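Chain by chain, the residues run as shown.
There are 2 protein chains.
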Amino acid sequence: MFQSRLLGELVEALRCLPGVGSKGAQRMAFHLLERDPEGARRLSEKLIQAVERIAHCSLCRNLSENQVCDICASGHRDRSLVCVVETPADVAAIEHATGFNGLYFVLMGHLSPLDGIGPEELELERLEARLDEGAVSELILATNPTVEGEATAHYISEMARAREIRATRIAHGVPLGGELGYVDSGTLSHAMAGRTNL
Amino acid sequence: MFQSRLLGELVEALRCLPGVGSKGAQRMAFHLLERDPEGARRLSEKLIQAVERIAHCSLCRNLSENQVCDICASGHRDRSLVCVVETPADVAAIEHATGFNGLYFVLMGHLSPLDGIGPEELELERLEARLDEGAVSELILATNPTVEGEATAHYISEMARAREIRATRIAHGVPLGGELGYVDSGTLSHAMAGRTNL
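Chains as they are written, first to last, in numbering that gives the first Met the number 0: chain A, 0 to 197; chain B, 0 to 197.
Bound-form chain A, shown alone (with noise of 0.2 Å):
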């Protein structure tokens, strides 16, 4: 389709990118090339680090270029609290929005029995022993509220009380500048059932 061979399989490698199709893979190979070189140079750049660096800390397996993440090593933070998150986004969305002060464990997905997603592939053996080394008090549950996250929250909130750790769920309900009438109605009932006392 392109007259140079390389042009055509730039924009082939663009597709590789989430939600980019034949039409805007092109229109990006076509910015890069004629307004960006210097952008695509560092993106070149990062790409090759990004994948080569960065890897998933040992301790809370949230993705980082070194063997324990910031957080994990940071001795500013509250180590009796944990909060189990999916995705290394969710960590990001927290940090930037709640003063949450202590650990994370990424589950990297949640449990689910029908895609091969066990208890061993989100490795809970590693909340595990965090657990069993008895410096966690409390364990917040912040998976998605859907099936599979409340699933997850559940499964692992068994495991903390195994250990008579206290276990906790994020609360869920209608968000802050929603009106009523627009909110599902899945979350509305599930923010009657879980009113609170004023």
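A portion of the hints provided could be inaccurate.
[Said to hold, decoys possible] For lysine to aspartate or glutamate, the following EDC-like pairs were computed, each having C-alpha atoms within a straight-line distance of at most 16 Å:
| hint | chain 1 | residue 1 | chain 2 | residue 2 |
| --- | --- | --- | --- | --- |
| 1 | B | Lys22 | A | Glu8 |
| 2 | A | Lys22 | A | Glu8 |
| 3 | A | Lys22 | B | Asp89 |
Rather than coming from a laboratory, the hints here were simulated on the basis of the structure.
Source: prediction; values computed, not measured.
Fit chain B to the given chain A structure using the hints.
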């Protein structure tokens, strides 16, 4: 925002892509690291190769990794026909859709005095030099049907007229498969004014 400095740099670098914001860049970075490190490696390699080796064909200004692009170098193309387009994407589209077998001249833009883009920026002297050689018998103007595209077509047609070379404009009108009721009024009045004998 990210615990990994390198991850933050990768997300920032991905934002040089057109149409990619911070959330999209984050999603791309996580996707590449988690699911497609091979794609990221290939993309990194192709980006640097493309930026370092793709330049403009010295004859038609199309993107090419050779000094003269494959179309200009081909012995099977009709050298008396030259089609003038705005971008390399237009060349790809015409090659893909039509049986056009002549050569191209890629303006890499259009005349736009307000943006400081005049005949020099489009390197129209190269086109003039080619017209002066005398081999070209028809210049097909396939710039976009925008104000700037029309002005550019008009300007170039004057160059052809001065050398007594035939200048033609691709047809504009109702697209095939389009319904008249859904076609914008500018296109429809253009189609009516440009009606041909049956």
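Satisfaction of hint between Asp89(B) and Lys22(A), Cα-Cα up to 16 Å: Measuring from Cα to Cα gives roughly 12 Å; hence the hint holds.
For the pair supplied as a hint, Lys22(B) and Glu8(A), confirm whether the alpha-carbon distance does not exceed 16 Å.
Cα-Cα ~26 Å, so violated.
query = Does the alpha-carbon distance linking Lys22(A) and Glu8(A) stay inside the 16 Å limit?
reply = 14 Å, holds
Going through the hint list in order, the structure does not satisfy hint 1, though it satisfies all others.
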